[in-house]
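A.B. asks: Single-letter residue listing:
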Amino acid sequence: MGLIKFYKDNREFIKALESYGELVTIQQEVDWDLEMGAIVRRVCEKRAPAPYFKKIRDYPGFEALGAPLATYPRLAIAMGMDPKASVPEICDEYVRRTSGTPIAPILVDREKAPCKENILMGKDADLFKLPGPMVHDGDGGRYLATWHFIVAKDPDTGVINWGMYRQMVFDEKTMVGPVLPFSDMGKMFYGKYVPKNKPMPFATVIGCDPLSGVAACAPSPIPEDQFTGMLMGAPVELVKCETCDLEVPAHAEIIIEGEVIPNVWIEEAPFGEYTGYRTSPREPRTVYRIKAITYRNNPILTVSNMGVPTDEGQLLRSFSLGLEMRRLLESQGIPITGVFMLPESTHHLVVVGTKVAYSGIATQIANLIFGSKLSPWFHMVIVVDDETDIYNKDEVIHALATKCHPIRGIRKYEHSVGTPLYPFAEPEDRRWSRGAQVLFDCTFPLHWPKSDLPIKVSFNNVYPKEIQEKVLKNWKNYGFQD
Amino acid sequence: MARKEYDTFILTDLDKVSEDKEMEMILRDLNPEDRRYKYRSFYVMGMISRDESKYPDRLWVRLGRGQLQERPWSIKILKELYKFPKE
Numbered sequence: 004m005g006l007i008k009f010y011k012d013n014r015e016f017i018k019a020l021e022s023y024g025e026l027v028t029i030q031q032e033v034d035w036d037l038e039m040g041a042i043v044r045r046v047c048e049k050r051a052p053a054p055y056f057k058k059i060r061d062y063p064g065f066e067a068l069g070a071p072l073a074t075y076p077r078l079a080i081a082m083g084m085d086p087k088a089s090v091p092e093i094c095d096e097y098v099r100r101t102s103g104t105p106i107a108p109i110l111v112d113r114e115k116a117p118c119k120e121n122i123l124m125g126k127d128a129d130l131f132k133l134p135g136p137m138v139h140d141g142d143g144g145r146y147l148a149t150w151h152f153i154v155a156k157d158p159d160t161g162v163i164n165w166g167m168y169r170q171m172v173f174d175e176k177t178m179v180g181p182v183l184p185f186s187d188m189g190k191m192f193y194g195k196y197v198p199k200n201k202p203m204p205f206a207t208v209i210g211c212d213p214l215s216g217v218a219a220c221a222p223s224p225i226p227e228d229q230f231t232g233m234l235m236g237a238p239v240e241l242v243k244c245e246t247c248d249l250e251v252p253a254h255a256e257i258i259i260e261g262e263v264i265p266n267v268w269i270e271e272a273p274f275g276e277y278t279g280y281r282t283s284p285r286e287p288r289t290v291y292r293i294k295a296i297t298y299r300n301n302p303i304l305t306v307s308n309m310g311v312p313t314d315e316g317q318l319l320r321s322f323s324l325g326l327e328m329r330r331l332l333e334s335q336g337i338p339i340t341g342v343f344m345l346p347e348s349t350h351h352l353v354v355v356g357t358k359v360a361y362s363g364i365a366t367q368i369a370n371l372i373f374g375s376k377l378s379p380w381f382h383m384v385i386v387v388d389d390e391t392d393i394y395n396k397d398e399v400i401h402a403l404a405t406k407c408h409p410i411r412g413i414r415k416y417e418h419s420v421g422t423p424l425y426p427f428a429e430p431e432d433r434r435w436s437r438g439a440q441v442l443f444d445c446t447f448p449l450h451w452p453k454s455d456l457p458i459k460v461s462f463n464n465v466y467p468k469e470i471q472e473k474v475l476k477n478w479k480n481y482g483f484q485d
Numbered sequence: 301m302a303r304k305e306y307d308t309f310i311l312t313d314l315d316k317v318s319e320d321k322e323m324e325m326i327l328r329d330l331n332p333e334d335r336r337y338k339y340r341s342f343y344v345m346g347m348i349s350r351d352e353s354k355y356p357d358r359l360w361v362r363l364g365r366g367q368l369q370e371r372p373w374s375i376k377i378l379k380e381l382y383k384f385p386k387e
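Sequence order for the protein chains is D and B. If you want my numbering, it's the 1-based position in the first sequence plus 3. If you want my numbering, it's the 1-based position in the second sequence plus 300.
Possibly wrong hints are sitting among the right ones.
Unchecked claim - Computed beta-carbon distance windows for the label pairs:
#	chain 1	residue 1	chain 2	residue 2	range
1	B	R335	D	E15	30 to 36 Å
2	B	R335	D	T405	55 to 61 Å
3	B	L368	D	P457	52 to 58 Å
Simulated from the structure, these hints should not be mistaken for laboratory data. Because the structure is a prediction, the values reported are computed rather than measured. Using N, Cα and C, we set each Cβ at its ideal position, and we do this for glycine too.
Given these sequences and hints, build the entire structure.
C.D. replies: Structure below.
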């Protein structure tokens with residue numbers, strides 16, 4: 004295996020994006036109050052290059068990078084691959100790198116940690132000194148943390164968790180956001196700290212290297228600091244926090260340290276969410292009180308703008324959720340040909356390809372993935388046979404519309420774990436994170452006589468090989484361009 | 301001095317909101333002296349009215365999903381409340 008190319012920080016990644024034509028540098032001053040968010044939103048909707056904001060109103064010296072990983076070419080660049088790499092190629096490379104031995108991080112001295120170039124403590128640690136954007140009009144507050152992760156540690160096992168939990172600025176010292184009880188940090192905080200009425204130390208990392216961000220999105224059982232090392236092929240460099248024993252990426256742009264407070268809740272939301280709607284209710288949520296802010300000189304905030312597809316939350320969460328399902332199904336020996344979660348489905352819909360080796364395989368697939376810890380984040384499974392390209396939306400829609408029997412092909416799963424973010428859910432179900440799920444079985448039953456099996460009518464399927472070759476060879480001679 | 305402006309989210313039916321009675325609520329500052337502090341939130345005890353001119357400060361009302369109501373209300377802040385444990 005050759006050396007993996009990776010970017011040790013956000014700044015190297017910005018240079019790489021620029022070199023591949025995936026960056027637009029905006030020299031004109033932009034306002035943190037809606038203008039920056041509006042630009043990032045339009046970038047996501049147009050699949051435009053990432054905007055790099057050089058001047059932010061009211062915040063001289065600060066910069067921002069929008070939509071850093073909102074497209075597959077940008078994900079490929081983050082992985083050190085050719086931006087033209089196909090989705091299956093990026094998937095296979097990700098699975099290959101993350102199937103080996105975890106690579107533990109290394110600790111560096113604070114002198115070698117750029118994130119310590121500026122340190123604000125006590126009264127100086129004021130969240131309004133950072134250019135947290137008002138991302139969408141109507142949001143409940145300024146969301147400083149939209150493309151970031153929170154570091155927390157299990158008090159019993161010492162296991163580290165990095166996860167993306169949105170954080171809204173409430174006042175100078177307070178942030179607030181949802182920490183769902185079935186999430187990794189939720190289990191840690193509500194299961195282990197709250198019963199003892201103990202605050203939980205946290206560190207919010209903003210503007211990390213791109214692969215740490217990818218790892219923080221991944222629902223893998225491997226601790227994310229080690230998972231990042233696997234993606235990089237080298238240990239990620241960490242440094243000790245100022246106010247607690249957590250460790251954070253040394254090359255990140257901004258670190259916010261503090262404690263998650265037990266038994267205190269304040270109202271958070273609404274917020275434009277990954278589903279493309281403002282859905283989850285404004286209600287009392289988890290409170291973060293801050294103690295310190297450290298940052299690099301001329302720090303570069305990273306800004307994601309969730310909304311209608313496609314933003315990095317949808318793209319990366321779909322990517323890693325789908326591949327974790329692939330790992331789960333393969334580990335159980337299920338004969339699948341692949342798993343792909345469509346980012347346009349806001350990671351609600353996953354397509355699983357299978358060889359249909361036995362009757363009931365679609366139900367078995369659905370039962371396994373709906374029964375896993377991944378399940379609260381999606382609710383639709385489409386199982387297709389191996390003549391359908393799972394990465395091709397047209398083929399998947401064709402299979403769904405033609406092979407899925409409207410009654411026996413659809414199986415409903417009630418009383419599941421859901422999230423408050425599901426737009427289709429009843430308000431009371433959102434409040435209690437109750438969900439439902441559905442399987443669309445797009446395979447023909449094995450017991451049908453072979454003579455009764457519909458034959459797919461496509462160029463590749465109903466013409467002899469020699470005719471196909473002749474047509475392809477003469478295609479341009481007939482007058483077609485491509 | 302310009303009139304202070306705040307907004308708040310009202311999560312119940314607007315018709316059921318009590319006017320001219322002391323109530324606890326969260327406000328966001330929309331025109332702070334230092335613009336960096338725009339949208340700073342804080343808890344208050346205050347009295348509100350649909351009549352924009354009744355109380356000293358202007359209050360914009362949003363519903364639970366951020367829908368801004370067309371006309372502003374007014375508010376009188378009686379006191380600021382502190383909700384967090386002492387550190």
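A.B. asks: Now tell me if each hint is right for this structure.
C.D. replies: Evaluation of the provided hints:
1. B:R335 / D:E15: 30 to 36 Å: holds (33 Å)
2. B:R335 / D:T405: 55 to 61 Å: holds (58 Å)
3. B:L368 / D:P457: 52 to 58 Å: The hinted range 52 to 58 Å holds for L368 of chain B and P457 of chain D, with Cβ atoms some 54 Å apart.
Checked against the numbered hints given earlier, this structure breaks none of them.
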